[in-house]
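> Protein sequence lines correspond, in order, to chains A and B. Residue numbers for the first sequence follow the working numbering, so the first one is 1 and each next one is one higher. Residue numbers for the second sequence follow the working numbering, so the first one is 1 and each next one is one higher.
For the record, the hints were derived by calculation from the structure and aren't laboratory data. No residue lacks a Cβ here, since even glycine has one placed at the ideal position from N, Cα and C. Careful: at least some of the hints might be erroneous.
[Claimed, not checked] Distance windows between CB atoms, simulated:
1) A/Gln217 with B/Gly253: 39 to 47 Å
2) B/Pro225 with A/Gln106: 40 to 48 Å
3) B/Leu190 with A/Met1: 51 to 59 Å
4) A/Asp188 with B/Asp329: 50 to 58 Å
5) B/Glu172 with A/Asp50: 38 to 46 Å
6) A/Gln106 with B/Ala149: 36 to 44 Å
7) A/Thr235 with B/Pro38: 21 to 29 Å
8) B/Leu200 with A/Asp226: 40 to 48 Å
9) B/Ala299 with A/Met1: 44 to 52 Å
10) A/Met1 with B/Glu172: 34 to 42 Å
11) B/Glu96 with A/Gln106: 38 to 46 Å
12) A/Asp151 with B/Pro192: 52 to 60 Å
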Amino acid sequence: MRILVIIGRVLDPRGIVVKRQAGRIFINREEYVLQPADRCALEAALRIKDATAAEVVALPRGPLPDDDVLRQALASGADQAITLTGEGFDAAGDAVMARVLAATVQRLGGADLILTGATTLDSGQGQLGPRLAEALGWPQIVRAWQVEVADGQVQAVQQDGAGYVAVEADLPAVVTVVPGALKPRYADGVRLINVYRAEDAVERWDVSDLVSESMRQPLLEKRGQDFPPERERGTRLSGTAEEMAQAVAEPLAQRKRR
Amino acid sequence: MDLSYLDLLMAQQEEVAEAEGGGGIWVVASPLDGAVAPVALEALGAARTLADSLGAYVYGVLLGEDVTDLAQSLYQAGADGVRVADHPSLARFALEPYLKVLSALFEEEQPEVVLFGATEAGQQLAARLAQRLGGGLIEHVTAVSLDEATRTVQATFPVYGGEYFDIAACPEARPQFLTVEPGAFPTPFLDPYRQGEPTLLEVEPVEPAVRVVGPAEGFEPPSVPLAQAPVIVAAGRQAGDFEMVKRLAAALGGQVAGDRGARDAGWITPEQIVDVRGVTIAPELYVAVGIRGDTFHNAAIEGAKFIVAIHPDPTAPIFEIADLCLEADPQEVLPLLLEALGAV
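The following block holds chain B by itself, in its conformation from the complex:
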């Protein structure tokens, strides 16, 4: 099909113009590896949807050093206006310099809604600004809906790490601050024909209150017991090469465990046996390598959020409770998997 006329049609679009007056939905973006952080673009997409229902404008704010060129990708993702604070003192995130720029901006612009990415920086900035400006804040938002009568954003956030979700809103307080969980919203379509001229903000350098001394030498985080580990890679009788299992665990930042078969093979200690008679676990991710999965083992991993099973036997009971099943010989798949994870 010939779609060239579409390009022509879109090329006629005018430059994005900004509206006068306050309000609007604002998205604060920061650069990551020389591009706008993906979560900021996702937040812009969410902001665009909200703004279209509310009849509001979407503004992007970009802070950093040498970031003015990145403003165009905010326009492309749906911003109607972009403010850029480009200064060497903003090169690395530090609370006070960022806070000074943003609080001056928002005091003047009086936004209705402000979205941040739920990153370490975004969480700190959103909470400080919310308290300073008298706004409400909902963190780790995974979905939004609108109460149009009161122009209130209703935000969904996970409780007990996603067991269920609560929906909350700040009907009275303005601005409504939200921090958006990375990956929760789809990345918006980047329209290459949308473009605009960003407004540069004045930046006065401020000393950050927290000084980074250097790498924490000699600091070892406390070891997490297997029952509380967020990522576990377990080996079973069919695992083949235990070294590969260990390397997979290292690549995923997880702990090594196993079933009774792995204990019999002498790969693990008795404290590492995943079994209702051993350790019952509830990790975010559980990878069962060559574990057939008897009743005792499967009952012990019921709390796991995501289970990946690799076993050569298609009738292995582990496949009944796994989220992703690989009917393959671990010896064959693991090297390929490590390569795909970039951990060779």
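So that you can see chain A by itself, here it is in the shape it has in the complex:
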């Protein structure tokens, strides 16, 4: 069985400071980490590998200037990692990536299960998984908390209101994993050293071999940034205890965890 894991990188938010009034983002420490949701997807794939001896292949969720996250996946236990490069590929959005990844799946000779993160930490977009499922014509399970494979089926746990439900679909399928769903393992130290020592540990595929240029035109265009207003602190509520409780109940109910 072959499992593909699609992973990306994100600028570590602990290294940036957003100055709302100045309308600027200060990057104090430019450090990229594996997207948290993708990291859980990788962990889910590796757990299935541990249980069924499946083959795990790591692929990028977008254009990657370096292949650190793919090397991290290799060191954590993935069998193969492929990075995608090509001219004019830097601006590829999720729509293009879905086409490119679908072509990659064909080139690899198919796959049984594709795992990826349900949402990105920075832009919060969760469209890559469903878009890829559509491009391949496969069923999709989104926002899974737990993924298992048995008898040609994928079984997952999804949140449903206050509780959790078990769902299943036939393989091949695309499953997106919620950030924080699983406790990810650390990359093995010795493997990490070896993965960085071997220069060709990550295969390079050119996207121009995979999809035609007209299919690689990015759809999304960035048009700017906006900053929320500075927080207004210290709104004091007045009135009797009952009135105050009523007044605070609504903002609390809005923000409570669903």
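Given the coordinates of chain A, work out where chain B should sit on it, guided by the hints.
Positioned in the frame of chain A, the structure of chain B alone reads:
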């Protein structure tokens, strides 16, 4: 003031008529508890504003079982036309049946813009349809503006959970799909005199590819460390009854924490102390119950998105950094608050 003439004036309005030809701004709505989901009405309001600037028509699509009667509220919220897919196979959201109806509809109608609510269902449908029809998609939209020259919608969406916002657009791709964040747009005025006759869509039942087996028995979501918890309710020396604090945390789906005073009182473990020397936190919501808020504590909660403080002393430093301040005795307010939250 006598406003009855206004009613008369409005009653003269004709029935909403639909335009011929494709294009238009479409809003996909689903029912929630026997009414149209609030986010769908908010999306309709946003669509109406866009359509008025573009000179386009607004259409609503309603999917579900026994939903034909709800079509009128879409007209009232500003739709010029409503399509209804009413079928038992659409009673509960399942991807493939919904997708079949919508992709057939949109292939025929060639919409310019399609709006969904950013719900679990809306997110899945929008992404699948965008890929199928070659459209662009921006998720979790909180504001929209127009680039009128190219009839492109510029959408704002939060980055890093709202630290700042990015604005993006799909100038080439049509349709432009957007999923609208619940609560981001105002609910439009429901004009009771607007009404129309919805068009019923043919529905062919399809088997969903994902089968729901049943409740996930024995599944426990992994515990979130305090530093990453989205909701935290913390107690301090003035909290009074710690049981009430725990109940408030349960009602808000949050975790319990406290300051050093709560540790001294034996209410919490050392791992639950919110303090720069203990745990630094950044939740969406932080409720400080009876915490005075010394420098170490206040520095540790700087990352919190929304802070509610309850303390009897009006000079407590916690009030300087809280968003909502309640100068009251927690023992008095908490029972009332739990009652107001419906958690008694």
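> Is 38 to 46 Å a correct range for the gap between the Cβ atoms of B/Glu96 and A/Gln106?
violated, 23 Å
> Is the hinted range of 40 to 48 Å satisfied by the C-beta distance from B/Pro225 to A/Gln106?
For B/Pro225 and A/Gln106 the Cβ distance comes to about 41 Å; the hint holds.
> Between the beta carbons of B/Leu190 and A/Met1, is the distance compatible with 51 to 59 Å?
holds, 53 Å
> Starting from the hint 36 to 44 Å, judge whether the C-beta atoms of A/Gln106 and B/Ala149 obey it.
This hint holds: roughly 39 Å between Cβ atoms.
> Return holds or violated for the Cβ distance of B/Glu172 and A/Asp50 against the range 38 to 46 Å.
holds, 45 Å
> CB of A/Gln217 to CB of B/Gly253, is that within 39 to 47 Å?
This hint holds: roughly 43 Å between Cβ atoms.
> Honestly, do B/Leu200 and A/Asp226 meet the 40 to 48 Å range at C-beta?
Between B/Leu200 and A/Asp226, where Cβ atoms are some 41 Å apart, the hint holds.
> For the pair A/Met1 and B/Glu172, does the Cβ-Cβ distance stay inside 34 to 42 Å?
The hinted range 34 to 42 Å holds for A/Met1 and B/Glu172, with Cβ atoms some 39 Å apart.
> I want to verify a distance hint. Is the separation of the beta carbons of B/Ala299 and A/Met1 within 44 to 52 Å?
holds, 50 Å
> Is the hinted range of 52 to 60 Å satisfied by the C-beta distance from A/Asp151 to B/Pro192?
Because 56 Å falls inside the window, the suggested range holds.
> Taking the CB of A/Thr235 and the CB of B/Pro38, does the distance hold inside 21 to 29 Å?
holds, 25 Å
> If you check the beta carbons of A/Asp188 and B/Asp329, does the distance land in 50 to 58 Å?
holds, 55 Å
In the structure shown, a violation is registered for the earlier hint numbered 11 alone.
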